[in-house]
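K.L.:
In case you want the letters, here they are:
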Amino acid sequence: MTRLSRYRILLPVLSLAILLAATFWMQPRAMSYFGLNLLFNLAVPIALATIAQMMIIMVNDIDLSLGAFVSLVACVTATFLHDTPLLGLAILAALILTYAALGAMIHALDLPAIVVTLGMSFIWGGIALFILPSPGGASPGWLRSLMTIKPPMIPMAIVAAITIAALTHLLIMRSGIGTVLRGVGGNARSVARAGWPVIRLKALAYGLAGLFGVLAGMALVGLTTSADANIALRYTLLSIAGVILGGGEFIGGKVSPVGAVIGALTLTLAASFLSFLRLSPDWQIGAQGAILILVLTARLIFSRRGAEA
Amino acid sequence: MPDHESRPIVALAEAKKHFGPVRALDGVTLSVAPGDCIGLVGHNGAGKSTLVNLINGGLAPSGGTIRFDQGDDALTAGVRSVFQELSLCPNLSVAENLRISHSSLPRIGWRKPARAEMLASLDAIFPGHGIDVAGDVEIERLTIAERQMVEIAIGFAPRGSEARLVILDEPTSSLDAGIADQLLAHVKRFCAAGGAVIFISHMLGEVFEVASRIVVLKDGRIVAERATQDFTRQGLIDAMGHMTSDDASVETARQFGAEVLRTPEGLSARQGEIVGLAGLAGHGQAAALARFYLAKTSTWRASRTSDAVFVAGDRARDGVLPLWSILRNISIASLKLGARAGLVDRSAENEMAEGWKTRIGIRTDDLTRPILSLSGGNQQKALFARALANPAPIVVMDDPMRGVDVGTKQDVYAMIRAEAARGRTFLWYSTETEEVCQCDRVFVFRNGEISAELTGTEITEENILAASFEMQEAS
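Going down the list, the protein sequences come from chains A and B.
Its first residue numbered 6, the first sequence is counted upward by one per residue in the working numbering.
Its first residue numbered -6, the second sequence is counted upward by one per residue in the working numbering.
Derived by calculation from the structure, the hints in this document are not laboratory data.
Predicted model only: the values in this text are computed from it and were never measured.
Take the hints with a grain of salt, since some may be wrong.
Stated by the list, open to error - Which residues of chain A face chain B? A partial, calculated answer using Cβ under 7 Å:
| no. | residue |
| --- | --- |
| 1 | G183 |
| 2 | V185 |
| 3 | N192 |
| 4 | V196 |
| 5 | G200 |
Don't be surprised by glycine CBs; every beta carbon is placed ideally from N, CA and C.
Use the sequences and the hints to build the structure in full.
P.N.:
Here it is in structure tokens:
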């Protein structure tokens, strides 16, 4: 472990701990099974969306369509998956494949991902409105019970977050293919020279993003029991912020799945914390931004020190 | 073509590569057999990189054939390349970088064997390398020399099969003499054991030391191919097609002006002086230059006319603006000078760039072409033009001759001396002793500090080496 990689995970952990301590200090009753579940419930879909965004950032791209995509998945889940499960699954699978195809196209035509995904966000949003013009739908029963399951001792939200973090850490940081995927972000030419088809790797990264985007949408419907075409629009920016907060960087394939999950938890907690402060909702977004800037500044100072040492 | 007893690992017949109208490689016939160590020389733009990319499969030939003795492509034939421009993934650790080019590692628990293989390879080539393989340090945390060592070690590592032909493109450009010697010794061992190496270097001494056969490329063709002992240094340089000006370096004692700079490290220079920074690579020379230069220029109150200009050695990182034309790349540092009311004077810009193109000899007929259409050496000339076009009194050069051919070097030396005579001060970091000996005064760095200051006739290779190595102090 080098100093830098230690800091990279240390800082997200530290910021979450400080925020959690402040929340508990403000509202001691949150320090319970029920309180924790309530605080972090909505973090599960955000964590999944953050992982999806991380897959894209890992290969030096950025996904501006994620929020619209998660909304679309939520609409599909609340309608097709509920009414005709097989058709619903087929649609979700097709969405994942579309994501993979987008990745291949972005690589093959050398298009800027930021433009393609911005365009796609309107397409996803349009389809979502088409499926569910007004809020409604219903969560499939199994999904609802999965999301509201009550494990002993540790609340579901925490169990889910730890599971997501552990699985994606294995996939991205430990496995061979994860290493190669990070290599694409670090130096795609060298990966290509070693005989890897970079186009397939990019398709894989985007496909994984699609998969986690679908999981995020499903988890969201499991929690909210209904959907709406605009339900997750803010996920786009939240997921980007989560990746960066978790120690990831926009370029260079430097990402941390564990950090990304922690980043998502921190962002969710920040919203609750500001509500506890009785801050008017008008100010909350600004305050969230201030927290983000604070953490990023701290990280910059740490990494500068690390580089000097 | 000399005869080989064994089948060649790779055989090219009339291989051609054209980029539009540019004939980068114009019919090359070459075969590499086990045990060969081929020194490939030629000036910048002669087609060396293109030839390498044809052999390793990076480019498809426009004509002719390339045959391997095993399999159809370079990878299955055991052809490995180590590139000049450092092609590792900086965000991954040493072992993870091996994983990328080694697909037959086990799926589960691949880290341990990968680390062991890297450590074995590094130990074999660079005994006492001191690179922390077990700690999973990311490549970006290593020095440039260590990265180059890792890259070479990956090239020679078995990676499931075995390395049969290793192409080394300027492998020693970032290594200091001791480590380069270790590499040369390993290349000899490797070839003696039946491996083959294509060795590309501008350091002719190294080529003469390791190569069994020397191939000279010029304008996309092989102009000479002979056993090494049949070449003399002068013969080789003549074959490459350069008039080397006789080294009658006119060492007239010049008069210098007042001291124009002094840094906290103790670096100082007078007006019109060429000050060299020497020592082993990575001992703080580049950092000292960067600190000085950034303090002079990148501040809020940087004035309209800058005090210093910078010539980058790491072109991709510090120098070239890859999306821009050659013209824009040259004029960027001096736009403000010809500007009126904040608008660029296009005709003055053109005139200035054309003037420098002829003065410094950039090989292109159209300055509006993208900068990346030039070969590496010509890109470097454009960077020199960028710096020298700005009348700033101090020119900072961070090992600017990396990968520049002999002829260009002579041109640039002359230009530097001429500019110095006109009163400009040069701060010149170089890893090559020959360049350092062009300087009026030399500071030798060791462990981030200045260990010696040499002037005039004291500037000799022995003195610089003595000050570079710690052991000399014990006496």
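K.L.:
Failing hints, ascending?
P.N.:
1
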